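Asks: Could you build all of it, start to finish, from the sequences and the hints given here?
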Amino acid sequence: MEKYGYTISKGRQIDYESNDRRIAEYIYEREPSFRLCIECGGCSATCTTGNITKFSLRELHILIKRGENDQVRQNIRKCMLCGKCTMVCPRGVNTRNIVVLAKQAFQKSDEYAI
Amino acid sequence: MSKHVVVIGGGVAGLEAAGRLSKAGFEVSLLEKDNKTGGHLNDWYKLFPDRRNSDEVKAYLYGITLHDGIKLLTNTTIEKISGNKTHFSIITNKGKELVADAIIVATGFDLFKSARKEEYGYGIYDNVITSVELEEMFRNGKIALSNGNVPKTIGIVHCVGSRDEKVGNLYCSKLCCVTAVKQAIEIRENLPESKVFCFYMDMRMGGAYYEELYREAQEKWGVNFIRGKVSEAGEAIDNKLVIKVEDTLAGRPLKMELDMLVLMAGMEMSDGGKKIAGMGGLNTGENRFFAAADHHYGSNRSNIKGVFYAGTCTAPMNITETISHARAAVSEVMDYLRDGR
Amino acid sequence: MYKSYLCVNLFTDHIFDSIMEKLYDLLLKDIRFEEGLNACMNCGVCTAICPAAEFYNYDPRKIVDSVQTKDDDEITELLKSETIWYCGECMSCKTRCPRGNAPGLIIMALRALSQDLGFFVESEKGRQQLVLKRTVGHWILKYGYCLYLEGVGTALHPEQGPVWDWIQDNWSDLFKKMGANYKGDGPGILRKIPEDAMDELRRIFEVTGGMKRFENIEEFSKKKAEELDMTLDEGIDNEYFRHIYKTNNGCHTR
Amino acid sequence: MKIEGKKAIWKDYQKEIADDKFYYVRSCVRQNFFPGSETTFLKIMRDELKKDVYEHPCHTTCTGIGYHGDIVPVETTMTVVARQFAIMTEAGYENLLPSCITSFGLYTEILDTWHHFPEVEEKVRQQLKKATGREFQIPKNLAHASDVIYKFRKEIAAKAKYKLINKNTGEPLKVVDHIGCHYAKMFPSKGVGGAEYPYVLTGIVEEWGGQIIDYPERRHCCGFGFRQYLVQANRGFSVACSKEKFESMRPFKPDMIITNCPGCPMFLDRWQYVINEMEGKRYGQNGEGIPVFTYEEVAGLVLGYDPWDLGLQMHQTDCEPVLDKMGIEYSPEDKYNTGVNVEHSKSHNLINV
Numbered sequence: 097m098e099k100y101g102y103t104i105s106k107g108r109q110i111d112y113e114s115n116d117r118r119i120a121e122y123i124y125e126r127e128p129s130f131r132l133c134i135e136c137g138g139c140s141a142t143c144t145t146g147n148i149t150k151f152s153l154r155e156l157h158i159l160i161k162r163g164e165n166d167q168v169r170q171n172i173r174k175c176m177l178c179g180k181c182t183m184v185c186p187r188g189v190n191t192r193n194i195v196v197l198a199k200q201a202f203q204k205s206d207e208y209a210i
Numbered sequence: 058m059s060k061h062v063v064v065i066g067g068g069v070a071g072l073e074a075a076g077r078l079s080k081a082g083f084e085v086s087l088l089e090k091d092n093k094t095g096g097h098l099n100d101w102y103k104l105f106p107d108r109r110n111s112d113e114v115k116a117y118l119y120g121i122t123l124h125d126g127i128k129l130l131t132n133t134t135i136e137k138i139s140g141n142k143t144h145f146s147i148i149t150n151k152g153k154e155l156v157a158d159a160i161i162v163a164t165g166f167d168l169f170k171s172a173r174k175e176e177y178g179y180g181i182y183d184n185v186i187t188s189v190e191l192e193e194m195f196r197n198g199k200i201a202l203s204n205g206n207v208p209k210t211i212g213i214v215h216c217v218g219s220r221d222e223k224v225g226n227l228y229c230s231k232l233c234c235v236t237a238v239k240q241a242i243e244i245r246e247n248l249p250e251s252k253v254f255c256f257y258m259d260m261r262m263g264g265a266y267y268e269e270l271y272r273e274a275q276e277k278w279g280v281n282f283i284r285g286k287v288s289e290a291g292e293a294i295d296n297k298l299v300i301k302v303e304d305t306l307a308g309r310p311l312k313m314e315l316d317m318l319v320l321m322a323g324m325e326m327s328d329g330g331k332k333i334a335g336m337g338g339l340n341t342g343e344n345r346f347f348a349a350a351d352h353h354y355g356s357n358r359s360n361i362k363g364v365f366y367a368g369t370c371t372a373p374m375n376i377t378e379t380i381s382h383a384r385a386a387v388s389e390v391m392d393y394l395r396d397g398r
Numbered sequence: 011m012y013k014s015y016l017c018v019n020l021f022t023d024h025i026f027d028s029i030m031e032k033l034y035d036l037l038l039k040d041i042r043f044e045e046g047l048n049a050c051m052n053c054g055v056c057t058a059i060c061p062a063a064e065f066y067n068y069d070p071r072k073i074v075d076s077v078q079t080k081d082d083d084e085i086t087e088l089l090k091s092e093t094i095w096y097c098g099e100c101m102s103c104k105t106r107c108p109r110g111n112a113p114g115l116i117i118m119a120l121r122a123l124s125q126d127l128g129f130f131v132e133s134e135k136g137r138q139q140l141v142l143k144r145t146v147g148h149w150i151l152k153y154g155y156c157l158y159l160e161g162v163g164t165a166l167h168p169e170q171g172p173v174w175d176w177i178q179d180n181w182s183d184l185f186k187k188m189g190a191n192y193k194g195d196g197p198g199i200l201r202k203i204p205e206d207a208m209d210e211l212r213r214i215f216e217v218t219g220g221m222k223r224f225e226n227i228e229e230f231s232k233k234k235a236e237e238l239d240m241t242l243d244e245g246i247d248n249e250y251f252r253h254i255y256k257t258n259n260g261c262h263t264r
Numbered sequence: 265m266k267i268e269g270k271k272a273i274w275k276d277y278q279k280e281i282a283d284d285k286f287y288y289v290r291s292c293v294r295q296n297f298f299p300g301s302e303t304t305f306l307k308i309m310r311d312e313l314k315k316d317v318y319e320h321p322c323h324t325t326c327t328g329i330g331y332h333g334d335i336v337p338v339e340t341t342m343t344v345v346a347r348q349f350a351i352m353t354e355a356g357y358e359n360l361l362p363s364c365i366t367s368f369g370l371y372t373e374i375l376d377t378w379h380h381f382p383e384v385e386e387k388v389r390q391q392l393k394k395a396t397g398r399e400f401q402i403p404k405n406l407a408h409a410s411d412v413i414y415k416f417r418k419e420i421a422a423k424a425k426y427k428l429i430n431k432n433t434g435e436p437l438k439v440v441d442h443i444g445c446h447y448a449k450m451f452p453s454k455g456v457g458g459a460e461y462p463y464v465l466t467g468i469v470e471e472w473g474g475q476i477i478d479y480p481e482r483r484h485c486c487g488f489g490f491r492q493y494l495v496q497a498n499r500g501f502s503v504a505c506s507k508e509k510f511e512s513m514r515p516f517k518p519d520m521i522i523t524n525c526p527g528c529p530m531f532l533d534r535w536q537y538v539i540n541e542m543e544g545k546r547y548g549q550n551g552e553g554i555p556v557f558t559y560e561e562v563a564g565l566v567l568g569y570d571p572w573d574l575g576l577q578m579h580q581t582d583c584e585p586v587l588d589k590m591g592i593e594y595s596p597e598d599k600y601n602t603g604v605n606v607e608h609s610k611s612h613n614l615i616n617v
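Chains as they are written, first to last, in the working numbering: chain A, 97 to 210; chain B, 58 to 398; chain C, 11 to 264; chain D, 265 to 617.
Honestly, the hints are just simulated from the structure, not real lab data.
Please note that the accuracy of each hint is not assured.
Unchecked claim - As a list, the in silico DSSO-like pairs of lysine-lysine whose alpha-carbon atoms are at most 30 Å apart: (1) Lys187/C with Lys427/D; (2) Lys223/B with Lys72/C; (3) Lys174/A with Lys312/B; (4) Lys438/D with Lys312/B; (5) Lys174/A with Lys199/A; (6) Lys80/C with Lys150/A; (7) Lys517/D with Lys209/B; (8) Lys314/D with Lys312/B; (9) Lys285/D with Lys418/D; (10) Lys517/D with Lys187/C; (11) Lys152/C with Lys394/D; (12) Lys187/C with Lys266/D; (13) Lys90/C with Lys106/A; (14) Lys314/D with Lys202/C; (15) Lys106/A with Lys252/B; (16) Lys266/D with Lys199/B; (17) Lys599/D with Lys193/C; (18) Lys231/B with Lys72/C; (19) Lys545/D with Lys256/C; (20) Lys187/C with Lys307/D; (21) Lys170/B with Lys252/B; (22) Lys387/D with Lys332/B; (23) Lys170/B with Lys589/D; (24) Lys545/D with Lys312/B; (25) Lys187/C with Lys394/D; (26) Lys418/D with Lys312/B.
These numbers come from a predicted model, not from an experiment.
Replies: So, in structure tokens, the structure goes:
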């Protein structure tokens, strides 16, 4: 409540305990290569969207893993599913499929419907 | 009469050097400060990257050293070293004098004392332990919290006492990353229900089959890797550890509750080595380890003719490297005693 | 290269006009910058425990990383940004940094330069420097105290609560009871600091660039107020002051 | 929790604290918000401990809040500090005793900078000379007022009339110690007990019968953040920091909070009121708030001084629960009696959290 001209700020820490990581679990089950990312950023570097907007596929993966679903939902639509990222991944992660599965998971979950 | 070589330190490097020297026909005295040899190998149950039992490596080392050709002096430290051009005189804590034609210093490393990273609360908070203590748990087959319960969430902190100006260690200890990965896998093997988080700055998997182990930890064991140096740990009322770290790849601070925190303590120049450096006039580097005569082609040679180095008294090394380095030291001794003086 | 129209050399009294100097080099002249920056390895140990990073969209690690690029464009962006004004200068970061950096000190150097170059008025948080100048700065030069709170009531500080209203209403008597030497001669709590001591204090501000900083804050704020078409008279009861004192666009936090 | 581990660390962080002949410099925040605390400190030092504590009327603010609000350049602050040193030198004193943690931190930082950059010290000397004609010597000893109370904690305990013990249960009071950020975070070796587990207030509380609580957000800043509180638009951050601490200490059920920084007790006191007003959230047993004290106030209570002489009526969060637990006798009707205008004072209906 704004009583004195301000409200009490909310923390922006990733609160690991209270975050919902079901989206990540959904992807782990269907695309095990999701576990293999070493955060090299190769996908982001080649990403067409990433080169013209603030979108980062690498960061999106991290946010999915941490259960930062609101932020994921805000950004995932920017991916055009061109699949260029999968061509450069040194760990053979099917990066495109992770986005597909994340969207699927959101659609299946009423709470996070896109 | 055969030449007499004194090897200081009965860990991996000292044992390998003594065994090889003896095989080459030298008279060897092996000095060990503890009541038994084996050094840090005694603290480790299974070794990276192949996770073989450390006893197998010890068995090999004891096989080449436990015989009459090597005079083993345990519980022995050095009080004084002096030398002229051809011989060294070593006075032990028992008042005994050893006269040596050459010396191999194999004083190894000391594990970083984790209590010095005060903010992690080692020695204060009940469930903050070191990698060595976890290894002991593996050996005993029981991973447990201080109250006997089984931990469900375990955090592993890389770079404790390494790459850290605050504790005076600028260098990387090189083996903690792979140790963390190995131990993370072993936790998951022992406790399939557990969740394991490695907090790292860089994954330095520079040895043979290390990177593969890292991949296995991710792929097969579901170990979580979070890039960020743990800033502090605190203890909540239910005894859980609250840690703060930045998830640097998400660019956000992260707060997490853990049942157990394992500190990957780094390697430091040993206290014994420091003492010998002082009394023997041996040069040490900025990292406080012994400074070899040449970093590239003289890593076994010291600033004093006839005194050689073997193993981790010069820098962090794994067992493979330590054994190779000890063999190289023996080859340097052989050259020296044949024609090098 | 950054062409500054007014570069204040932070460690001399001289003001050079129209010199070409790299912003990074200007920062280096601040002793705190020299003390505060070695080489960052982006471990995030500072951000992990930074109170500001916990609530603001702020990452001290990224600031240090930007600064160490030495890139003029990046530093200019920082100097005009909101992000350099979130730090509370608690210095928790200095305790922990494994490279001996002090992001808090680097921030202080950035803030100093931002004010010297007039960039501070380009951000909502930066513009607030006028609030500090006209409150704390005013109290320092007028009374010799950083705070001088008689008459500063719950209108400006509503969170001080009913007790503050009571304290304000009974200021003089209460302070007498508390053993203060309020406005009195000689030593003691809230004593009147003798005029010759105040003169010394003001001369120090003249000689060391403190007054110049104050004038800078005023000058750039006035320009900004004109640009925003707001009135800015003396004191704190005017449109621009109220605006910068209270405005929060809501984009600073999550 | 293993206390031995902390004891080992405390052993490593002992600092030299002068024994007598102190030169006292006041705190801007203390003087405005907790005047009774400075008065109490001097009374304890002079009357109880018979120490020579000198104060010169011509000392000024160190400019600390201005410096950390970034409106005062570092050179200006250094020169103002040099002037404080000069007045001390002229008065024939060598042991500097600041009341304020921000000042203490600033003096420590400046002395460290001069140590590493002698040319900066030389420059400041010239500027001070130019501006004021004064010259100075570096203090021989620099100790914060809480360091000094820590040093004499046993002497105070020997004279104590009350202990930090719940009279009814015989149990020690559970005390949260909150250390000002600038006490030791910048220079751990300059604080009793270091930066991670400061002992300065712990030692005091334990000596006087209380028990310290270690909770996860113990090291967190109160949220002052200089510009963060001083500008209304930023106060949401400031209060959020204190709230973070209250939430973290809540399960430990603390009886009270003790602080050694001038500003922190004010914030930890007022923000409890604000959080209740804004979010309806109350802390402390039965929602009566967690009383927040300065270390001088706690010393005064232990020595049996009248709570209203200490200035406890200037707190927004009532202190009475702690007074009652300690068995301190006090007169509730005199709380808001300033001794002059009784009727006017009483007419205010104070709402507490």
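Asks: Determine for every hint whether it applies to the structure shown.
Replies: Status of each hint after checking the structure:
1. Lys187/C with Lys427/D: Answer holds: Lys187/C to Lys427/D is near 26 Å, not above 30 Å.
2. Lys223/B with Lys72/C: Within the cut-off at roughly 21 Å; holds.
3. Lys174/A with Lys312/B: holds (29 Å)
4. Lys438/D with Lys312/B: Roughly 26 Å separates the two Cα atoms, so the pair holds.
5. Lys174/A with Lys199/A: Holds. Lys174/A to Lys199/A sits at ~12 Å (cutoff 30 Å).
6. Lys80/C with Lys150/A: holds (23 Å)
7. Lys517/D with Lys209/B: holds (27 Å)
8. Lys314/D with Lys312/B: With a Cα-Cα distance of about 49 Å, the restraint between Lys314/D and Lys312/B is violated, given a limit of 30 Å.
9. Lys285/D with Lys418/D: OK: Lys285/D and Lys418/D at ~19 Å, within 30 Å.
10. Lys517/D with Lys187/C: Given pair Lys517/D, Lys187/C is violated - Cα atoms ~34 Å apart, limit 30 Å.
11. Lys152/C with Lys394/D: holds (21 Å)
12. Lys187/C with Lys266/D: violated (45 Å)
13. Lys90/C with Lys106/A: Roughly 25 Å separates the two Cα atoms, so the pair holds.
14. Lys314/D with Lys202/C: Satisfied, since the Cα-Cα distance of roughly 27 Å is no more than 30 Å.
15. Lys106/A with Lys252/B: holds (28 Å)
16. Lys266/D with Lys199/B: The given pair, whose Cα atoms are some 22 Å apart, holds under the 30 Å limit.
17. Lys599/D with Lys193/C: Measuring from Cα to Cα gives roughly 25 Å; hence the hint holds.
18. Lys231/B with Lys72/C: holds (26 Å)
19. Lys545/D with Lys256/C: holds (25 Å)
20. Lys187/C with Lys307/D: holds (14 Å)
21. Lys170/B with Lys252/B: holds (26 Å)
22. Lys387/D with Lys332/B: violated (44 Å)
23. Lys170/B with Lys589/D: violated (43 Å)
24. Lys545/D with Lys312/B: holds (23 Å)
25. Lys187/C with Lys394/D: Roughly 41 Å between the alpha carbons, so the hint for Lys187/C and Lys394/D is violated.
26. Lys418/D with Lys312/B: With Cα atoms ~40 Å apart, Lys418/D and Lys312/B exceed 30 Å; violated.
The structure fails hints 8, 10, 12, 22, 23, 25 and 26 (numbered hints given earlier, in ascending order).
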